[in-house]
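The lines below spell out each chain.
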Amino acid sequence: MWKWLHPYAKTERAYQLCVTLQPWLWAGAGVALFVGTLWGLAFAPQDYQQGDSFRIIYIHVPSAILSMGTYVAMAVAALVGMVWQWRTAYMSMIAMAPVGAVMTFIALFTGAAWGKPMWGAWWVWDARLTSELILLFLYFGVIALYGAFEDKQQAGKAAGVMALVGVVNIPIIHYSVEWWNTLHQGATISKFDNPSIAPEMLWPLLINLLGFAFFIGAVTTVRLRNEIVLREMHRPWVQALAKKQVKGAQ
Amino acid sequence: MNPRRKQRLTVVALIGLLVASAIGLMLYALNDSIDLFYTPSEIIEGKNGLKPQVGQRLRIGGMVVPGTVSRDPNSLAVSFDLVDTGPAVTVTFTGILPDLFREGQGIVATGVLTDSRQINAQEVLAKHDEEYMPPELAEKMKGIKHVKPENKSGYGSSDANSYNDKSYDASSYKNSTYESGVSGNKPSKADSTTSMNEGQ
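Heads up: the protein sequence lines correspond to chains A and B, in order. For the first sequence, the positions run 6 to 255 when the working numbering is used. For the second sequence, the positions run 15 to 214 when the working numbering is used.
For reference, chain B alone in the conformation it holds in the complex (with noise of 0.2 Å):
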């Protein structure tokens, strides 16, 4: 490399250290506003020392607590617990939930902080992750927490009726073509999973 290439290499090389740090330190310093959500354990034991005051409108992120979820049967009202490795935070919230809720599952909510331990929420989103993966290998590897409770009308066997129970929100796009294209999908395995998770 003759010198004044070596010179034009060093300089670009140093600016973009230095607009590397820059941004890095930016970064840094926003840390914490960068963040979605907080989660329970940050709302009840604060998050770098500061606590979210009630009437703070904020987003709760955490796992719905299985057992914590309930209905009023008028109207659309619900409440759950969102938990993620210390204690549980309420959540009460009166519309849709989106398809994918259920026990088990993340949820972000948006609302206000009512009560130590309490959220108003407007907005309830699921966040699902990042593994894909067939249902029949879902339920090898992880019960049947995450199976849809709609896959059961299209498998058409009696044991599962005990869904109905629960009012989880039947969605608009599964119906019976949601079978094709699965191949090797054992109806019977997946129901008997199904009801032995189920008795709650």
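Pulled out of the complex, with its shape left as it was, chain A reads as follows (with noise of 0.2 Å):
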């Protein structure tokens, strides 16, 4: 069933996908974005009780939710790697991580300036904010890990068990409002039979999530692309691609 994957843990093929998939990506990133984005700020109706204080929703819960997906993502490219035995496993896995953190930060901080003018204040240590912070800690841990070693090979695996360890956290985020009670409002459009958000509204939000989805991909490959060539340096297959880049350019 999974064997169409093997062939991608060979670098070489798994370059290649990169270089196949990418201007796909960055299409879907910029068209999705731009009509998500336009829709969500310009035409979406305002909100009863927030007016257009909540439009910021349309940046905040996209790169909240996905940087859980990515922390995922990252954490069964982990396991992939640690059960398989890919080397590309690890390279994806360090690939999404500076990637991932970003989106958190970004949801943190839309976070903390909607929060400001709606809540009051800019941060609150309820359940949810804090373990959305721990994430970003986690990403940290991972990058800082796989940073500290000199071999890649060790580095991928130990930022790999941080990653995997890590992974118990995304429960708790999405859960905290539940399990405990904060500041932090309930989920709106993780009741998919029922999402507590007008149509309207729901749409220009889930085409931004497609588009923020896409563009984590595009700067996922371009990532592991670098990565790749930086790793794999000495092979022959890359030394034929970098002459015949400098050839091009000439």
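Think of the hints as simulated: they come from the structure by calculation, not from any bench. Possibly wrong hints are sitting among the right ones.
Claimed, not checked - Dumping the calculated SDA-like pairs for lysine to any residue here, alpha-carbon to alpha-carbon at most 25 Å:
no., chain 1, residue 1, chain 2, residue 2
1, B, 154, A, 48
2, B, 154, A, 191
3, A, 121, A, 111
4, B, 20, A, 158
5, B, 61, A, 180
Put the complex together from the two separate chains, hints included.
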């Protein structure tokens, strides 16, 4: 069932896949982010309670959801790396880490900027905010651990263990608003059968969510290509590629 | 799957399970400390058999009871009752309330318990729910409970003036542009619902 994936354990095939996917991901990100953001900011109706201030939801919610989604993807990559011992899995794990960290930061920052006018505070140590902050530190931990090893094979393993252990935090973030009482409100769109948001406000949100996902994918492929080339410098196919690039530039 | 991979997968799964249960137990033990606030009934009746002491600094979270908001005309002092499912606790506060503060709204206040049913708050935060909808839909579903008082100025109808009697602090970010972008708003309806519910 998963046989089709096996060739991508080879760095050359993974590199080729990135090259093929990249333009589509960028195009998808561009279109979806343009449509979603414009629709959300200019055409969606105001909220009955928060007026125009609620529009920051179109950045806050996609970045928050995908900060968790990217972490899960990273953990899956770490698992594949650990069990099947694919080098490309560790490479994609570390390619995703800074992207996810940035998403987490955006979620925290937009949340603070939203919290100040609505709640009256930039920051409250409630369960949701704190667990999301821990997610940011987990990303930092994975990045730092990977950077701390000279031998990148070792580095991948160490950072992979950390990424896997940290995945416990994901359900905590998600359910924090249900398990404990918090200042942060409950989930809006993850209740798929009955989202608590009017459809004309929901659509741009979903489009932006897709756009953020494409964007993360696009940046990850760029970073993965870099990582592969950097790690496989001595391989003939990389050297051939470099020669071709140089010739093309002249 | 070859045996070596299977073995590695088992080890990883076991470690995962161990970590998850360790964290789970920790969170379970810390359960009460992770809650952000006491509810009014927890303050009065106690939480797990423990009652907060007078003089204790704590947070309370509950709904503002309609009709209990009273303001000192000469200062920023305000007092209101908070309630959840049981009895109410009175909160006194001096300062500027958040924009979302209104009757029926969820509020989280930090302060000192001065009496078994009274809190002197230093900070008042507004909690909002996870529902987002355009104003016209909110009217149909909820009545006016949540309509921003400022909206009225934009709609410019006369019978909304009664709102001025209550000194809801009018916030800064409303003006005439408030109307733009709201499609199919029905000013007359908004106002009639308002005046109906206002006769308290």
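Quiz item: Where does the structure disagree with the numbered hints, that is, which hint numbers, in rising order?
Solution: Checked against the structure, no hint fails, so every one of them is satisfied.
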